[in-house]
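> These protein sequence lines are chains E and R, in that order.
112 is the number of the first residue of the first sequence in our numbering; add one for each residue after it.
30 is the number of the first residue of the second sequence in our numbering; add one for each residue after it.
Because the hints were derived from the structure by calculation, they are not lab data.
Ideal placement from N, C-alpha and C gives every residue a C-beta, glycine not left out.
One should not assume that every hint holds.
Computed, partial: chain R to chain E, Cβ under 7 Å [claimed, not checked]: (1) L84; (2) M116; (3) G120.
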Amino acid sequence: MNPLAYTGRGVIDLFAVIGRLSVFTAQAFSHAFRPPFYPRMVRRQLWEVGYRSLPVVGLTALFTGMVLALQSYTGFSRFSAGGESAIATIVVLSITRELGPVLAGLMIAGRVGASMAAELGTMRVTEQIDALATLSTNPYKYLITPRVVAGLITVPLLVVVADIIGVMGGYFIAVGVLGFNGSLYIRNTLGTLETHDVLSGLLKAAVFGVIVTVLGCYHGFNSGRGAQGVGSATTNAVVSASILILLSNYFLTQVLFAP
Amino acid sequence: MTGTPKIRLRGLTKAFGGKPVLNGVDLDVGKGESVVIIGGSGTGKSVTLKCILGLLEPDSGSIEVDGQQLVGASADALRRARAKFGMLFQGAALFDSLSVIDNVAFGLVQGHGQSQAAARRIALDKLASVGLDKSVGELFPSELSGGMQKRVGLARAIATEPDIIFFDEPTTGLDPIMADIINDLIMKCVRDLGATAVSITHDMVSARKISDRIAMLYGGKLIWTGPTAQIDGSGNDYVEQFIHGRAEGPIKMQLRAS
Ligand SMILES: Nc1ncnc2c1ncn2[C@@H]1O[C@H](COP(=O)(O)OP(=O)(O)O)[C@@H](O)[C@H]1O
Ligand SMILES: [Mg+2]
Numbered sequence: 112m113n114p115l116a117y118t119g120r121g122v123i124d125l126f127a128v129i130g131r132l133s134v135f136t137a138q139a140f141s142h143a144f145r146p147p148f149y150p151r152m153v154r155r156q157l158w159e160v161g162y163r164s165l166p167v168v169g170l171t172a173l174f175t176g177m178v179l180a181l182q183s184y185t186g187f188s189r190f191s192a193g194g195e196s197a198i199a200t201i202v203v204l205s206i207t208r209e210l211g212p213v214l215a216g217l218m219i220a221g222r223v224g225a226s227m228a229a230e231l232g233t234m235r236v237t238e239q240i241d242a243l244a245t246l247s248t249n250p251y252k253y254l255i256t257p258r259v260v261a262g263l264i265t266v267p268l269l270v271v272v273a274d275i276i277g278v279m280g281g282y283f284i285a286v287g288v289l290g291f292n293g294s295l296y297i298r299n300t301l302g303t304l305e306t307h308d309v310l311s312g313l314l315k316a317a318v319f320g321v322i323v324t325v326l327g328c329y330h331g332f333n334s335g336r337g338a339q340g341v342g343s344a345t346t347n348a349v350v351s352a353s354i355l356i357l358l359s360n361y362f363l364t365q366v367l368f369a370p
Numbered sequence: 030m031t032g033t034p035k036i037r038l039r040g041l042t043k044a045f046g047g048k049p050v051l052n053g054v055d056l057d058v059g060k061g062e063s064v065v066i067i068g069g070s071g072t073g074k075s076v077t078l079k080c081i082l083g084l085l086e087p088d089s090g091s092i093e094v095d096g097q098q099l100v101g102a103s104a105d106a107l108r109r110a111r112a113k114f115g116m117l118f119q120g121a122a123l124f125d126s127l128s129v130i131d132n133v134a135f136g137l138v139q140g141h142g143q144s145q146a147a148a149r150r151i152a153l154d155k156l157a158s159v160g161l162d163k164s165v166g167e168l169f170p171s172e173l174s175g176g177m178q179k180r181v182g183l184a185r186a187i188a189t190e191p192d193i194i195f196f197d198e199p200t201t202g203l204d205p206i207m208a209d210i211i212n213d214l215i216m217k218c219v220r221d222l223g224a225t226a227v228s229i230t231h232d233m234v235s236a237r238k239i240s241d242r243i244a245m246l247y248g249g250k251l252i253w254t255g256p257t258a259q260i261d262g263s264g265n266d267y268v269e270q271f272i273h274g275r276a277e278g279p280i281k282m283q284l285r286a287s
């Protein structure tokens, strides 16, 4: 094919996907404000997305905080003695502003986005979504809205937990391994931290929560037929959510921390 | 047939990705009638039912239910029309996150706003009418055999006492005895409700048993429609080949699924 036509087709396809995703997201949210509501489905998703992601997110945050302390210590010891205050600052700012929300978002994309795509894809393939519609139930309202709402609510809460555990991980290494003064470390942590640092991270988390759940639902809902269709829906959900998290993180950072 | 037909299809067409599947389907189904659509795999039988249910949008043509045009109707009108239908899906399509009893009660709770307790009472009744007792209600769909799943699917389809019931290959994949049990249940349920039924099958034994009329779908059109008693003298080569299951004949087997 003519390379110009090829590029053009790619661009048109891209915009078509963006358009479909926007409509999909708008539909998910608009149903959140119109009855009937399905509180049981929301509760179940809060549990699935929130509570059940705690171990993964907590573990990620713990080791990230620990490795940050270790790396910044070895880095600083090259050109200055006594970089205690710098370590506490680096750990708390990196975790709250960037690594907490981004790593939690990526882990949740792998855990939750994949399982939503697989579950809804299977429901599509086995005609359960069609069956819902024949039983006077709107599949968007019943399946998608509760998931997106759960993502919007729980991912920021998970990031609060990740922030705390990440800072604790840094503290363990700084105090336990590197032999720094504990109370000084805590004072340095709280001294540098501003409300904006935490809130900006939580805003990012809310955006990532919507990205993961919308893409998981979108790919599952529009899954191709057969086991292969569900498989690629799952892969696409995780890959597209991860890329979109990293992309939107850059732009959010630019807006939130404009010089 | 007198009065307005329950379902009236005219010139229904549907293509997927440029490949035509339905190419002008015309069909009238009278009130209380049982029509069976026969045809090879992949000829568009399920697509026809899904267009009538509003799960797929036809490319052109008209679908009237009780004289009301559904193609291009408002979302509200579609929802109201949809409440007249019950459907037994090809693979039963039970919700695997819900117990059997909640599956059967689903349409009553969600669609008709009944309380959980009242809906469950009706659901137990419906389970009994397809020969399943109370203990099955607590099981999950994955714990049931194919025949049991079909029975539960049937109970779910009739739970809201619909005017019109669709059966998509109700006996495919079942042993002959279970198939006959399902056929009997279908006839009993349709008769008890006084419902109109459209079924899909390629099992000629069950087609003859449950239908008043048979229509054959081939090449995107209904190429023959007539009373069940006349199918053996249809004089149509395609129908002849299909009902006798001959390899030789005018029907070309489709190589590709899509
Ligand atoms: N949602 C869909 N998207 C694309 N193609 C479809 C879809 N549903 C059905 N088809 C295609 O339409 C044709 C008819 O399918 P179907 O009605 O399921 O056949 P059957 O007569 O066996 O029930 C098949 O070739 C199938 O691949
Ligand atoms: Mg079919």
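> Please go over all the hints and tell whether each is borne out by the structure.
Against the structure, the hints come out as follows:
no. : hint : verdict
1   : L84  : holds (5 Å)
2   : M116 : holds (5 Å)
3   : G120 : holds (6 Å)
Consistency with the previously given hints is maintained throughout, with no hint failing.
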